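S.K.: Residue 59 is where the sequence shown starts when you use this note's numbering, and the numbers rise one by one after that.
One or more of the hints may lead you astray.
Capping the alpha-carbon separation at 25 Å, the derived lysine-lysine pairs in DSS-like fashion look like this [said to hold, decoys possible]:
| id | residue 1 | residue 2 |
| --- | --- | --- |
| 1 | LYS167 | LYS257 |
| 2 | LYS325 | LYS145 |
| 3 | LYS145 | LYS168 |
Computed spacing ranges between beta-carbons, pair by pair [as the list claims (entries may be wrong)]:
| id | residue 1 | residue 2 | range |
| --- | --- | --- | --- |
| 4 | LYS168 | ARG279 | 37 to 43 Å |
| 5 | GLY294 | LYS167 | 28 to 34 Å |
| 6 | LYS200 | ASP126 | 34 to 40 Å |
| 7 | VAL102 | SER238 | 32 to 38 Å |
| 8 | ASP295 | GLY266 | 18 to 24 Å |
| 9 | ASP86 | LYS257 | 28 to 34 Å |
| 10 | GLN208 | ASP295 | 38 to 44 Å |
| 11 | GLY266 | ASP144 | 23 to 29 Å |
Calculated from the structure, these hints are not laboratory results.
Note that the structure is predicted; figures quoted are calculated from it, not measured.
Each residue gets a CB set at the ideal place from its N, CA and C atoms; glycine is no exception.
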Amino acid sequence: MNYLILTTLIVWILWFSERYAWWGSTVDLKRPRVLMYHMVSDPVPGAKFNGLRVSPDIFERQVRWLKDNDWRFVTMSELVRHKPSDKVVAITFDDGFEDNYLNAYAILKKYDAKATLYLVVDRHDRDWSVSKKSHHNSGELKNETKLSDQQIQEMLDSGIFELGGHTTTHANLLALDEDSKYKEIKGSKDALESLFETKLSSFAYPFGIYDPIVDPLLVQRAGFDSAVTTEDGIMGDIATSPFELQRIKISGKDGFLAFKIRMRRGKRGLRK
Numbered sequence: 059m060n061y062l063i064l065t066t067l068i069v070w071i072l073w074f075s076e077r078y079a080w081w082g083s084t085v086d087l088k089r090p091r092v093l094m095y096h097m098v099s100d101p102v103p104g105a106k107f108n109g110l111r112v113s114p115d116i117f118e119r120q121v122r123w124l125k126d127n128d129w130r131f132v133t134m135s136e137l138v139r140h141k142p143s144d145k146v147v148a149i150t151f152d153d154g155f156e157d158n159y160l161n162a163y164a165i166l167k168k169y170d171a172k173a174t175l176y177l178v179v180d181r182h183d184r185d186w187s188v189s190k191k192s193h194h195n196s197g198e199l200k201n202e203t204k205l206s207d208q209q210i211q212e213m214l215d216s217g218i219f220e221l222g223g224h225t226t227t228h229a230n231l232l233a234l235d236e237d238s239k240y241k242e243i244k245g246s247k248d249a250l251e252s253l254f255e256t257k258l259s260s261f262a263y264p265f266g267i268y269d270p271i272v273d274p275l276l277v278q279r280a281g282f283d284s285a286v287t288t289e290d291g292i293m294g295d296i297a298t299s300p301f302e303l304q305r306i307k308i309s310g311k312d313g314f315l316a317f318k319i320r321m322r323r324g325k326r327g328l329r330k
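The task is simple: from the sequences and hints, build the whole structure.
M.R.: Next comes the structure, spelled out in structure tokens:
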């Protein structure tokens, strides 16, 4: 019996240590943390994409913790220009879900935080998840209300948000030829800059899927200064690879311990 208890305890410790690598060293605090969010809303029972949903209460707790622990909030354009300093964090949102306005906006304002919104131009009534995997055809993302132009303008006017590019249709860039890729990338920049009379300097690859040889060059040619991926981790020297910057994935399925570990190490556990 004692042997069984000891074995169970050892297995649990090994599992916990692999899932939550709390014992790992902290990555240099001069390396900025870029956080990736999608939605700030409560989970939907049985929904496939609940990992993309961080509840408003949890999001506020995360932002408050960053503020209380002296992290300095910057936008992506500021991040690319900044000189290395301790504890710099850039909050990013992908796609353009309405809850970014209804829930995240007020929380960011409350804590004097900033964020970059990577906005899909043709975002309404679209289920772009099928562009990644055809069986993701539940319509779940299509049914999520997206930001209106008026809401976006208010967010920009506040100085809390800046816009980044995310293609016109949330395209899977690997499925397109080079000309079509460029039209998606450059077209989104031109459309958003014209509509909102603002400059876009940063881009996010939809789904994090891209050709590392061709696509960063197309993003640069389109006039962007940087691009972010969905590769989980803490970015290194911005000047070395400004068009393949890592982000820390913030999942609605993680607890607060996982968030703090991600801020220290870039990843929750040994593998992710």
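S.K.: The structure should be examined with respect to each hint, and the outcome stated for every one.
M.R.: Hint check results:
{"no.": "1", "hint": "LYS167 to LYS257", "result": "holds (22 Å)"}
{"no.": "2", "hint": "LYS325 to LYS145", "result": "holds (17 Å)"}
{"no.": "3", "hint": "LYS145 to LYS168", "result": "holds (20 Å)"}
{"no.": "4", "hint": "LYS168 to ARG279: 37 to 43 Å", "result": "holds (39 Å)"}
{"no.": "5", "hint": "GLY294 to LYS167: 28 to 34 Å", "result": "holds (31 Å)"}
{"no.": "6", "hint": "LYS200 to ASP126: 34 to 40 Å", "result": "holds (38 Å)"}
{"no.": "7", "hint": "VAL102 to SER238: 32 to 38 Å", "result": "holds (33 Å)"}
{"no.": "8", "hint": "ASP295 to GLY266: 18 to 24 Å", "result": "holds (20 Å)"}
{"no.": "9", "hint": "ASP86 to LYS257: 28 to 34 Å", "result": "holds (31 Å)"}
{"no.": "10", "hint": "GLN208 to ASP295: 38 to 44 Å", "result": "holds (39 Å)"}
{"no.": "11", "hint": "GLY266 to ASP144: 23 to 29 Å", "result": "holds (28 Å)"}
When held up to the earlier numbered hints, the structure conflicts with none and fits them all.
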